[in-house]
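Undergrad: Line by line, the protein sequences give chains P and U.
In terms of my numbering, the first sequence opens at residue 1 and continues consecutively.
In terms of my numbering, the second sequence opens at residue 1 and continues consecutively.
Derived from the structure by calculation, the hints contain no laboratory data.
Each residue gets a CB set at the ideal place from its N, CA and C atoms; glycine is no exception.
Do not rely on the hints blindly, as some may be mistaken.
Said to hold, decoys possible - So, partial list: chain U residues that the calculated Cβ filter (under 7 Å) puts toward chain P:
hint: 1; residue: G52
hint: 2; residue: P53
hint: 3; residue: T55
hint: 4; residue: M57
hint: 5; residue: D85
hint: 6; residue: Q86
hint: 7; residue: L87
hint: 8; residue: D94
hint: 9; residue: S97
Protein chains: 2
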Amino acid sequence: MTHSVQLLGISNAIVDVLAHVDTAFLDRIGAPPGSMTLIDEEQARSIYSQMGPATEMSGGSVANTVAGFANLGGSAAYIGKVRNDQLGDIFNHDMQSLGVDIRLPPATDGAPTARSHILITPDGQRTMQTYLGACTELALADITDSTVGNPKAILLEGYVWDIADGPALAKKAAGIARSNGTAVALSLSDSFCVERHRDAFNDFVSNDADIILADEDEINALLRTSDFDAALDALDNYDQLFAITRSEKGSAIVHGGERIMHAATPVEKILDSTGAGDAYAAGFLYGWVNDRSLSACAQYGTYCATMVIQQLGARIEKGLLDSFA
Amino acid sequence: MTHSVQLLGISNAIVDVLAHVDTAFLDRIGAPPGSMTLIDEEQARSIYSQMGPATEMSGGSVANTVAGFANLGGSAAYIGKVRNDQLGDIFNHDMQSLGVDIRLPPATDGAPTARSHILITPDGQRTMQTYLGACTELALADITDSTVGNPKAILLEGYVWDIADGPALAKKAAGIARSNGTAVALSLSDSFCVERHRDAFNDFVSNDADIILADEDEINALLRTSDFDAALDALDNYDQLFAITRSEKGSAIVHGGERIMHAATPVEKILDSTGAGDAYAAGFLYGWVNDRSLSACAQYGTYCATMVIQQLGARIEKGLLDSFA
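Chain P extracted, bound-state conformation (with noise of 0.2 Å):
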């Protein structure tokens, strides 16, 4: 089978807004540090009044990965749904500098591009108050066999099913995948989207996914585990691939009763861990839709994250893997 692209993302289409905050900031907006939680448009207006001068990037957990993977040198293509507006503009350019094929039209009316306001924090981490918009506009009759085409794999998130036509949506694109010989990625997205989903995912991940992407709290969400040795010893009985990332603790990819552990790689300081995952799932299935070991896909997905924690923003530089090469 030819494959048109390595790799279809199907997500929220998103532009970061990101500032430096104290953690008293977080207290005062009621922002549990970590967090990402989804806000209407006038709490959007709200949050932006108080916030700091920002800078503004495109972002999306998965339209982050699917960057990565571009600037990695796979040939990528991308669902997910923006406003004809200036920063659905700024989203649609990002991806199509990269060679992305974006797949749908800006809406002509609806909801403004989404955007999430990324607060980070002295010690690095991220809170997100993120704003749909457009994105919650994405719909089961965007999914057909033409704008989803025969990728060797399409790569979905959770934050999916926080739409309207999500769940829908993502059954269908795992249908189309299947008739088509196309693997069938989901990152979990964050625990808190466990929670919301946890039946759902369960479903998904046993009937639809080939591969799972999630770190130790997505996976111990999803599986209702109180640690990690519990959670890998659940995921014996299961046929899919899990690539699993545990901050400084480093990854682990189960297969099929294998395991391998791989270690993270020290960095002297953590500048922004936004997009950590993100970039580590790039370079993990940059590796797997190259047919690389599961043990050289956990060491690109290492790289790459390793690199973007150093940098301010989720999206990682082109040609990080040259060193590999």
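Got chain P; can you put chain U on it based on the hints?
TA: Same frame as chain P, now just chain U:
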């Protein structure tokens, strides 16, 4: 005389679109390295479509200085024209979040908010392709006793002379300033800008300005001198205060025959020279409005410039001068 604020900036309100490029990119679009070229909407679209992924943040030369000045703890106001679009919202938010009093409402029709495509080459140099958009609609009628008020100083930039009403509104602002006991500062923007408007600048410097901020190339362009020593000699004939930056050679303050030479602070790596002069101006003017010695003003300016060239982006962070307190 009680001044309502310490500093009022009048300038082109611009959102920066920053991207790393190689020098071949500059050749391809025919941009001289280090230059600022004015482009129209069509050219802006073309350059943007050729650029890689970018980061957006509020910019504009004197706007950067005003933001930096506010970040240092100064009270500031701003006159510039944005459109009521998403980039205009970003520009005004970033100013207002620093406490800067925005004196004009966004335009409700006409061209979109200005953007400057800032192309950063591996040597850290910036090359700017600027679409002025809404800036061109800043009008003589926007400069009134009420919008100018009676700040301790106003700061104009040379780029204002690039817009239709620019020369007239600069003169009008200077007239209002004079009647209020407000000092008039002028930043010369860039040497190409000085070439475009040399006669007007020489007139303004001699008849309206009290403080002139410039780099070595700009002062040579203004005075038609071919080296810095010749420029220094020529400046002995002026009563105005000149603060002249010279990159790694430091800065020179010239005032009524007095000369203060201030050394640069060596840095390991220049990440992005964007905004070095703007940051110097912020520190220098912060010292000046607070009645510090010219030597202390130079020290503040140097410190701000040194910090800004070691980060991506033109605006300095909050509390930068705290270590001088």
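Undergrad: The structure should be examined with respect to each hint, and the outcome stated for every one.
TA: Here is what the structure says about each hint:
1. G52: 5 Å, holds
2. P53: Status holds, d = 4 Å.
3. T55: 5 Å, holds
4. M57: This interface hint holds because 5 Å falls under the 7 Å limit.
5. D85: 6 Å, holds
6. Q86: 4 Å, holds
7. L87: This hint holds: U/L87 lies near chain P, its Cβ roughly 5 Å from the closest one there, short of 7 Å.
8. D94: Result: holds, 4 Å to nearest chain P Cβ.
9. S97: 5 Å, holds
Against the hints set out earlier in the document, no violation occurs for any number.
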